[in-house]
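S.K.: Spelled out, the chains give:
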Amino acid sequence: MRRTARLLTGTALAVATAGLATAPAHGGGVPAAARLRGAPAAAGTGSLQVSPATAVPGGRITVNTTECGARGTAIADAGSVGAGTFMLAPGTNEGEAVGEFRVPTGAQPGTYEIVAKCAEGDRQVTGDLVVALSTARMGAAHEQVRPRGSVKTGVGGALGTDPVQTAAGVAALAVAAAGGTWLLHRRARGDGI
Amino acid sequence: MRRVGDTAIAAVTVVALGSGTWLLAAPDATHTPPQPAAAEGRPDPGEERLGAGALAPSPPTRIRIPSIRVNAPLTGLGLTPAGSLDVPPAGNKNLAGWYEAGTTPGETGTAIVAGHVDNAEGPAVFYDLGALKRGAAIEIDRRNGGVAVFTVDAVEVYPASAFPDDKVYGAAPRPELRVITCGGGYSKATGYQGNVVVFAHLTGSR
Numbered sequence: 001m002r003r004t005a006r007l008l009t010g011t012a013l014a015v016a017t018a019g020l021a022t023a024p025a026h027g028g029g030v031p032a033a034a035r036l037r038g039a040p041a042a043a044g045t046g047s048l049q050v051s052p053a054t055a056v057p058g059g060r061i062t063v064n065t066t067e068c069g070a071r072g073t074a075i076a077d078a079g080s081v082g083a084g085t086f087m088l089a090p091g092t093n094e095g096e097a098v099g100e101f102r103v104p105t106g107a108q109p110g111t112y113e114i115v116a117k118c119a120e121g122d123r124q125v126t127g128d129l130v131v132a133l134s135t136a137r138m139g140a141a142h143e144q145v146r147p148r149g150s151v152k153t154g155v156g157g158a159l160g161t162d163p164v165q166t167a168a169g170v171a172a173l174a175v176a177a178a179g180g181t182w183l184l185h186r187r188a189r190g191d192g193i
Numbered sequence: 001m002r003r004v005g006d007t008a009i010a011a012v013t014v015v016a017l018g019s020g021t022w023l024l025a026a027p028d029a030t031h032t033p034p035q036p037a038a039a040e041g042r043p044d045p046g047e048e049r050l051g052a053g054a055l056a057p058s059p060p061t062r063i064r065i066p067s068i069r070v071n072a073p074l075t076g077l078g079l080t081p082a083g084s085l086d087v088p089p090a091g092n093k094n095l096a097g098w099y100e101a102g103t104t105p106g107e108t109g110t111a112i113v114a115g116h117v118d119n120a121e122g123p124a125v126f127y128d129l130g131a132l133k134r135g136a137a138i139e140i141d142r143r144n145g146g147v148a149v150f151t152v153d154a155v156e157v158y159p160a161s162a163f164p165d166d167k168v169y170g171a172a173p174r175p176e177l178r179v180i181t182c183g184g185g186y187s188k189a190t191g192y193q194g195n196v197v198v199f200a201h202l203t204g205s206r
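Protein chains in written order, with this note's numbering: chain R, 1 to 193; chain H, 1 to 206.
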């Protein structure tokens, strides 16, 4: 009996150990491995290149990776910054998958992780995007886009008859009506004017 | 005696009829948004109040201009396809916007706020902007809980046909603010012919 129990415990421990050892090959361990192999990313983490690595809300971002094979495609997720998912397709450079998205205009400043999953296999790569509210701190390479020209901030809906003037006019006509009525009464009674 | 009274009533009736008709039918019976006087333009040399140090960037949430009773939330604005500043939704008459790809109010540079002077229903958030005076305070609530306080340097009107982009949107070496609305005359064919632009710089925070 005791022997059986020991055997069972030993088997369970062995299975658990094996599970721990193989887990990194499927789960969170892959980005780490990919990071070692991949080209240095602009933001310094992951092997998904994000360019520009720092952008303002509304900016267009290109991401690419060489981790998905020669004709590899991938599904990328920029949901962290509110941009949803988009596709990476083989680009002009050999063995590279490229995709694009736009930073939502309502994005808050911060660092966001962009994740791409290769279509074949379960390899996953990540890269960082920094959203800044101003390009002032981004260096001369990124000139801040400024608005041009006048702004359409009115339709003329406030232009109309002045309510005070309208009220005065209505009051004056009311006085005239009262006076006229009174005079007509007098005439009807034959008093004459 | 009665005859005199009747004559007076008849006279009052005639005058009231005439003035009432004139008040209701007068062609110039319109009121337009206030426009800045020339005196609200360039400040005298040395008159400008000393600026305050720049604040860390934090998005603005609300604008308050006590002297013209403005107190409105701020929404983010982008650019139109033509490159001009977009405007807040016209349906909400107490809503202004800020150019969120630009400088946040309080940090070094030129922050831009815009709002409607009117919408189809009538006056809107910045109807009285043209009546703002030099030296008036503009307060911007910031998401980090702070308040940036700006002082008005000038209030100008520019025609859309000759809008001074650099002066209005150009970079500044200190924390500045522009508040923009429509103005400069109105015609049925073209709408408002320009913009009222308020120039202000940071003078405090709390």
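Please keep in mind that the hints were generated in silico from the structure rather than gathered at the bench. Take the hints with a grain of salt, since some may be wrong.
[What the hints assert, rightly or not] Between beta-carbon pairs, the in silico distance windows are:
#, chain 1, residue 1, chain 2, residue 2, range
1, H, N92, R, H185, 36 to 42 Å
2, R, V164, H, A10, 46 to 52 Å
3, R, H185, H, A25, 25 to 31 Å
4, R, D122, H, G53, 49 to 55 Å
5, H, G122, R, T92, 51 to 57 Å
6, R, E120, H, P81, 35 to 41 Å
7, H, P81, R, M87, 21 to 27 Å
8, H, G51, R, E100, 37 to 43 Å
Quick reminder that beta carbons are idealized off the backbone N, C-alpha and C, glycines included.
S.K.: Which earlier hints turn out false for this structure, listed by number in ascending order?
M.R.: Those not satisfied are hints 1 and 2.
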